[in-house]
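Please build the complete structure, drawing on both the sequences and the hints.
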Amino acid sequence: MATEACGEEGQVKLLGLSISPFVVRVRIALALKGIDYQFIQENTKNKSQLLLQSNPVHKKIPVLIHNGKPVCESMIIVQYIEDAWDTKAPNLMPKDPYDRATARFWAAFVDDKLFPCIRAVFTGQGEQLQKAAEDFVTNCLLVEEALRTNSCFSGQPYFGGDEIGLLDIALGGMSVFIRGLEKATDTVLICQEKMPLLSAWMDRFCKSDGVKEVMPHLDKQVEFILARRAAWME
Amino acid sequence: MEGEQVKVLKYWASPFSLRVQIALDLKGIPYEYVEEDLLNNKSQLLLQSNPVHKTVPVLIHNSKNICESLIVLEYIDETWEGRGVSLLLKSPHQRALARFWAAFIDDKLGHSISGMYRCLEKELRKKATNETMNNIALLEEAFGTAFNGLKGNPFFGGECIGYLDIVLGGLVVWIQVVEAITGVTLIDPETTPLLHAWLHRFCRVDSVKKSLPQFEKLLTYGYLVQKKFPMLTYE
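Listed in order, the protein sequences are those of chains P and G. Residues 30 to 263, numbered by our numbering, are exactly what the first sequence covers, in order. Residues 26 to 260, numbered by our numbering, are exactly what the second sequence covers, in order.
Hint data in this document are derived by calculation from the structure and do not stem from the laboratory. Treat the hints with care, as some may be off.
Said to hold, decoys possible - Simulated DEER-style distance windows between Cβ atoms:
1. 255/P <-> 218/G: 49 to 59 Å
2. 248/G <-> 248/P: 53 to 63 Å
3. 221/G <-> 98/P: 27 to 37 Å
4. 171/G <-> 159/P: 37 to 47 Å
5. 86/P <-> 229/G: 21 to 31 Å
6. 252/G <-> 242/P: 49 to 59 Å
Claimed, not checked - Far from chain P, by Cβ distances over 12 Å, these chain G residues were calculated:
7. 93
8. 184
9. 185
These figures come from a predicted structure and were not determined experimentally. We treat Cβ as the ideally placed atom computed from N, Cα and C, and that holds for glycine.
Put into structure tokens, the structure is as follows:
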């Protein structure tokens, strides 16, 4: 839940929408680190002056404002949270440079390969939508395989090891949005049969402390998706 | 550095593998390289070490494979911390700023530059060109204010080149090639004085000079890419 005013290290504000998976990522990171912040809900049809000033390049949420200085782009914000509060447990990144590179690689894969498919399912119809869902599955199977075979991940409850890390947040932050899309568009994106490890991981992730409090409710997510899709159809 | 094996899978025309070469040279890390034939015949080593994307650069460090140029740059900085210059500054906010503009360069600028010379349709080329001019104007502004170019900082990294200089710098010869192919000036002393001065300064740095592709050779390659890989859509 959003709380008023400052953390120990200075004032932290988050501009966003609780329904956005990108904002969810940031809220998870803040919750895990136990950082107090002021959550300012934006109206994306009527963006605040503060948002436009803090993110003049993209004019998008989330934006984290720490001691008056803005940080934009969800995964850059998550890395910033880790860097700025690096002495506060838990650490969201491993210590070893190769493990860090591995986490970053797959986080980039989520944004560069998985998310475009998610967006295409979100906005697509008919054949386009089916193709986008298939592409998502093809790409997601690579993540399933990494979870199974990569020594950085296999046998651990989370991509980050015993605790949630950067890559868990990158993909896990999308969980309710992905499940919401499946319901709203009647597609299968992450299924138990083809992706047993990811399915189990996703359930575990969504029930974790720090995550469950900030994840949107599935019904609200489905409602949001259906409303957007209906608006585009007009 | 004894016993360390550092190998780079690269392609002479790739702005991405160029970034890795510059970073290694800047930090004084000796390395071997394998020139990949990306268009016709990717090596087994490349396909094995980067099975997901199957492209350059790949940094192979003591049998560990690291892919994606921005990720490789951070890996180099962290692995050889304390050796040569730091690529990223220490301050979390400065790091976030550098990462933000690196993402902007790859996602927005790189994309619009490609569109400028590769889109088949005239209207799409025009759209890509306008976006590129806009993106460059944003970079000029950022260099001036966020990175203190207006206060005399010669590079994004400060007194010497750093992460963001290398990220943008990987594209410098490509920018000149696209200007030549399209006849559109992107960086010039009047509209983008800071970037113009930065570009010349950047190209004179030793670690950069030795690896930059030759303009004429890249121009020929640019025409080839335009012909072989036209863009039918542009968003």
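Q. Residue 248/G and residue 248/P, beta-carbon distance inside 53 to 63 Å?
A. 55 Å, holds
**Q.** Satisfaction of the hinted span 49 to 59 Å by the C-beta atoms belonging to residue 252/G and residue 242/P
**A.** 55 Å, holds
(Q) Verify the CB-CB distance for residue 255/P and residue 218/G against the hinted window 49 to 59 Å. (A) 51 Å, holds
Q: Examine each Cβ of chain P, and state whether all of them lie more than 12 Å from the Cβ of residue 93/G.
A: Check fails; 6 Å does not lie beyond 12 Å.
Q: Could you check that no beta carbon of chain P comes within 12 Å of the beta carbon of residue 184/G?
A: 22 Å, holds
**Q.** Pairwise beta carbon distance, residue 86/P to residue 229/G, judged against the given window 21 to 31 Å
**A.** 29 Å, holds
Q. Taking the minimum C-beta separation from residue 185/G to chain P, is that value above 12 Å?
A. Holds, because the least Cβ-Cβ distance between residue 185/G and chain P comes to about 22 Å, which exceeds 12 Å.
Q. Regarding residue 171/G and residue 159/P, is the given constraint of 37 to 47 Å on their beta-carbon distance met?
A. For residue 171/G and residue 159/P the Cβ distance comes to about 44 Å; the hint holds.
Q) Could one say that the CB atoms of residue 221/G and residue 98/P fall in the range 27 to 37 Å? A) 29 Å, holds
Going down the numbered hints, you'll see the structure goes against just number 7.
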